[in-house]
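Enquirer: Generate the whole structure from the sequences, applying the supplied hints.
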Amino acid sequence: MSQNTKHKAHITFTLNGEPTEVAFAPHKTLLEVLREDLSLTGTKHGCELGECGTCAVLVDGRSVLSCLVLGLDAEGRRVETVEGMADAAGLHPLQETFADTGAAQCGYCTPGFLLVAKELLAHNATPSREEIKEALSGNLCRCTGYIKIYEAVELAAARMRGEEAGLPRESVYGIE
Amino acid sequence: MSKTNGNNPNGRGKDFKVVGKPFRKVDARAKCTGQTLFADDIALPRMLYAKILRSPEPHALIKSIDTSKALAVPGVYAVITGKDLPIPYGILPVSQDEHALCVEKVRFIGDPVAAVAAVDEDTAFEAMKLIEVEYERLQTITNIEEAIMVDEPRIHEYGDGANVHKKVHLEFGDTEEGFREAEHVREDVFFYEGNTHLPMEQHAAVAHFDADDKLTLWSATQTPHYVHRALAKTLGLPAAHVRVIATPNGGGFGGKSDPFNHEIAVAKLSMLTRRPVKVTLTREEVFYCHRGRHPVLMKIKTGVRRDGAITAMDFESFLDGGAYGSYGVASTFYTGALQTVTYEVPRYRFKGLRAFTNKPPCGPKRGHGTPQPRFALEIHLDKIAEDLKLDPAEMRLRHLVKPDTVTANYLRIGSMGLGTCIEKVVEGSDWKSKFSNWDRTKRRLPEGKGIGVACSSYICGAGLPIYWNSMPHSGVQLGLDRQGGVRVQCGSTDIGQGSDSVLAYVVAEVLGIDPFDIRVLTADTDLTPVDLGSYSSRVTLMTGNAAIQAAERARELLSIAVAEKLSVPVENLAFAERRVFDVENPDVGVTFAEAVVLAESKFGTIGTVGSYTPPRSPGRFKGAGVGPSPAYSYSACVAEVDVDAQTGFVTVERVWIAHDIGRSINPMLVMGQVEGSVYMGLGEALMEEMIYRANRNVVHKFPSLLEYKSPTTLEMCDVKTYLVEDADPNGPFGAKEVGQGPLLPVMPAVANAVYDAVGVRVDEVPITPEKVLKALQAKAQGKDARYGPKGVPTVDWQEPLKVLTPAEGGDGREMPRVAVHS
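Quick note, the sequences are listed as chains V and L, same order. Heads up: the first sequence begins at 0 in numbering that gives the first Met the number 0, then just goes up one per residue. Heads up: the second sequence begins at 0 in numbering that gives the first Met the number 0, then just goes up one per residue.
Honestly, the hints are just simulated from the structure, not real lab data. You may find that some hints are simply not true.
[Said to hold, decoys possible] Label pairs and their in silico Cβ distance ranges: (1) L:F648 x V:G49: 24 to 30 Å; (2) V:G60 x L:K778: 51 to 57 Å; (3) V:G49 x L:G606: 49 to 55 Å.
We treat Cβ as the ideally placed atom computed from N, Cα and C, and that holds for glycine.
Expert: This is the structure:
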């Protein structure tokens, strides 16, 4: 067994609202700790080099690439993953609109997009299309062409503002 | 009950309850909550981790491999090399040229050489670095020209030439006669650079050889059935003892369609260690797996009349195949197959050559072998339209292939909505007030802004399977539960396109229940009937038809039992809203669950099957297997671009795209496929390329997500989509494909728009700023205002296989060859 797995690091932090303790090899990234030591596999990896945004999670409300953060750096922080977005009351509006509009095709990049979008909506309840593009520009999606993702974010923002909103007919059926 | 193919089930016509409605996907919520388990999310007790040592040499003999130091590392359980897996494999029966781990030689940088299983990933990685391999370098074959010129060394010991994998020459009708009839003949040369799928999910697999000597492999694969066959073959296991479960694919696009070395290697490691073994490729390794778009050099010559009617076409393609066969024989034929299905081509000749080179193997990427020739054809037609001073959209519209006809190369066309597609995008883009009719002195858009049009078509499923057999291409089993639930089992694989949902929608429509009452169980070779896989845009059409057949058979059983109970004629019964009732008296009826109880009481456990086999193609000549399909989808695209003449930078501002979908099973998902296709086409048009350092042993220039440029939200253009619905008699409820076709017209539409914007032709992709600038410089110097290849290699194509066209009274067979006496 290689040397660096022998002495585990130990941290306590808040994970999806719950106080959490975990021990892990100290060189592990937050991504690896979440997936391998806490079995929260909802956080995905696309490159493990900080290039694709797939592994984004929220740390103290800010989106970070969990592949570039050491697990040790989560000590005392508030970490939120896709698993923490839904609760017993139901899905987060973003999860609902992503699911219902087809913004998740293969679904692999979806958790990262959801969390970055959540951060955006926490600061900006009425983002323009350009602001959404800007906020999501660090996340790659190879399936959707991003359009259904923009629409899902806009729809969730409207619903979170208390508006009754649905997708424009053109987005569902094309131009008629 | 008649076999309606779903077009008119139960006489309800267009009054569908599920089909055509924007339901969410059956797995959408799992994907948005992190509950979907992808291959790398699977963890089993006592699971080991594997790493694969890959060749740093592009072409070399393996002189020796010493694994002793790796085996000595604590925590290492097994190390295997090519000796442990001596049986070759490959996706096509004619190209069984791969080994899970190289046996005697390596053929590209990234070729797998050895594999380690260890207690954790770090240990496996450390041990992998201790494996010592001695190589003896061989001369490399780096490109098509070298492959044609160099006889020794050979990359493989088979093929149609020393380093030529495949060479084909087909002629349909007398093309020389066709060119003589032409009033204008034009010849052009194009190059399409290779690019890769870049799925967000890296390939991963988990193998478990259990205490009963049975092997289970979970893998991110689009083709579990073919992986099943490859595992049984290479591991020497009875196929009945091998189970392959395709996990939901985190994007495929064709890149997970081959059986892969890492799948076989982890299976072998699990057999040796008797523990579960996982492998997850790094992003760099995914670039070496590749199987992406072939780089293709093309020459096209077309004869036309003054109105743009084609009299003959001659198409030559040269594919850089990389180091292995993969789907390459099919890819080669595909570069010549679909030129005939959009505009009438009465006489047609195709010459195709695939070369072996010391680079990662190419294979099928979205559009498989057809985007390259489509790019060439649609720009070539644009140039012809300029030669003839015709509006390029109108010229295309005037000469469309007619529905319900057979092309010169024996492809049977069914429904054909391309005309409507062209009309939609011409109108939507305001084409007529933007296009300058080839007169640069009377431009309607400002200099630097341009508009271009292109069209395309794609198959809705390959007409023939990968290996010869006469069984169905897709099977579906239904189980009806007495509580009212329905279980659909099918071998199809959801790669994000929504194929699991299509099964639920189709069955729900026929049985009158809610799609979310249905449990869909797919892609498990132990539990689901064979479906050939998620490739060739075959799944909606083929599994859809199989599912309709199974559901109609179930409905028939329920109808008999309910009719008896209610004393109503069978033909009076309707299935809707979870009820079975008398159409003449809707209050008289039973719930769907009660109907199942009645049927189960009468017949026993209710289960039905359905299957689908494509219609036989009229082509009988050698090579007729590639191109036939039950139906063809059509797309038309207009792109509007902005070109900065100072930097050469091309911005695609908006794309109008119309797609002939036959009928949308779910329009929202169709829209998503169209938008995703435009996106991927945009990447191919402007930035994506697999390139290698020729002077440094053909090493990949940038195997990373950062350096391999793909469009982000900031590059993605605005898309205006039109869905054209013209139900095809072969499609389930009339549906055709949408996953691949809409990608095809994007690249040539962008290229044509760049020409309109700044008056230079970039006859290759990606259309990078550098190429635009070089073309602008050439134009400024009074040279040919173009960037692109100058010509194609000279090859002895030998005599073509000649086939008389249907119009000439041909029967689809090869004409007898006339003996030549010297």
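Enquirer: Each hint should be assessed against the structure and marked as holding or not.
Expert: Hints versus structure:
Judged by the Cβ atoms, the range 24 to 30 Å given for F648 (chain L) and G49 (chain V) holds: they are separated by roughly 26 Å. Evaluation of the 51 to 57 Å hint for G60 (chain V) and K778 (chain L) yields a pass: the beta carbon distance comes to about 53 Å. Take G49 (chain V) and G606 (chain L): their Cβ atoms lie about 51 Å apart, and the range 49 to 55 Å holds.
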